[in-house]
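Undergrad: Position 48 (the sequence shown) corresponds to 48 in UniProt numbering; numbering is contiguous.
For the record, the hints were derived by calculation from the structure and aren't laboratory data. Some hints could be false.
As the list claims (entries may be wrong) - Here are the simulated distance ranges between beta carbons:
(1) S118 / P75: 17 to 23 angstroms
(2) P197 / C36: 33 to 39 angstroms
(3) T116 / G50: 50 to 56 angstroms
(4) T193 / P75: 24 to 30 angstroms
(5) K129 / Q51: 54 to 60 angstroms
(6) Q69 / G117: 30 to 36 angstroms
(7) A172 / S11: 38 to 44 angstroms
(8) H35 / R191: 21 to 27 angstroms
(9) Q120 / K80: 21 to 27 angstroms
Said to hold, decoys possible - As a list, the in silico PhoX-like pairs of lysine-lysine whose alpha-carbon atoms are at most 20 angstroms apart:
(10) K112 / K129
(11) K183 / K129
(12) K112 / K135
(13) K183 / K112
(14) K80 / K112
(15) K112 / K127
Beta carbons are placed, not taken as given, at the ideal position from N, Cα and C, and that holds for glycine.
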Amino acid sequence: MVCTSCRNATSSVPAGWIGEDEDPTIGYALIECSHCHRLMVIQEFNEWNGQDLVSSGAPVVIWPVRDTQLSVEIPDPARKSFEEARACHHAGQFTAAALMVRRTLEAVCIDKGATTGSLQVKLNELKSKGIIEGKLTDWSHDLRALGNEAAHDTTIFISAADAQDALELAEALLNYVYVLNAKYNAFKARRTTPVAPS
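Make a model of the complete structure from these sequences and hints.
TA: Dropping the structure here:
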């Protein structure tokens, strides 16, 4: 687990654990970071077979939440979809988070003029327009595939780790498309404009 304050991997033992009597799959713990000693509340999802623990999901920090603020350059449909994906993740609804990441991709495509065909076709159109390239194209298709699994395969439930990775990759994609490209274009414009000697 990574501390939300110092960003170091922490190996702290929970100071306390509370389970839900009506739902033994969910538990909460208060832990102290072994590096910076700040406190975190984690939520963990466990799968039981009678009295036997079958599997334990990756713990999710639910407090303090340290999300980065999205740039105002990101249009509302993409921003709201992404923020809902984050909210789903914080609530432990990882499959729903993956669906909302997929919806974020749809919003980007529509905003950039790729409005017809499947999401795969739309993402390929963004690539052909030069809006996304290289690894970003690969990431986009991987996020699309994860969202498709979340939407259509009812035997699959997205893990906390996959949902977290999807959020981070989607945020990087949003920043590249809407923030970094604009900054680079402004930089290039300044560099090509002759400066009067002083």
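Undergrad: For a quick check of understanding: which of the numbered hints are violated here, in increasing order?
TA: 2, 7 and 8
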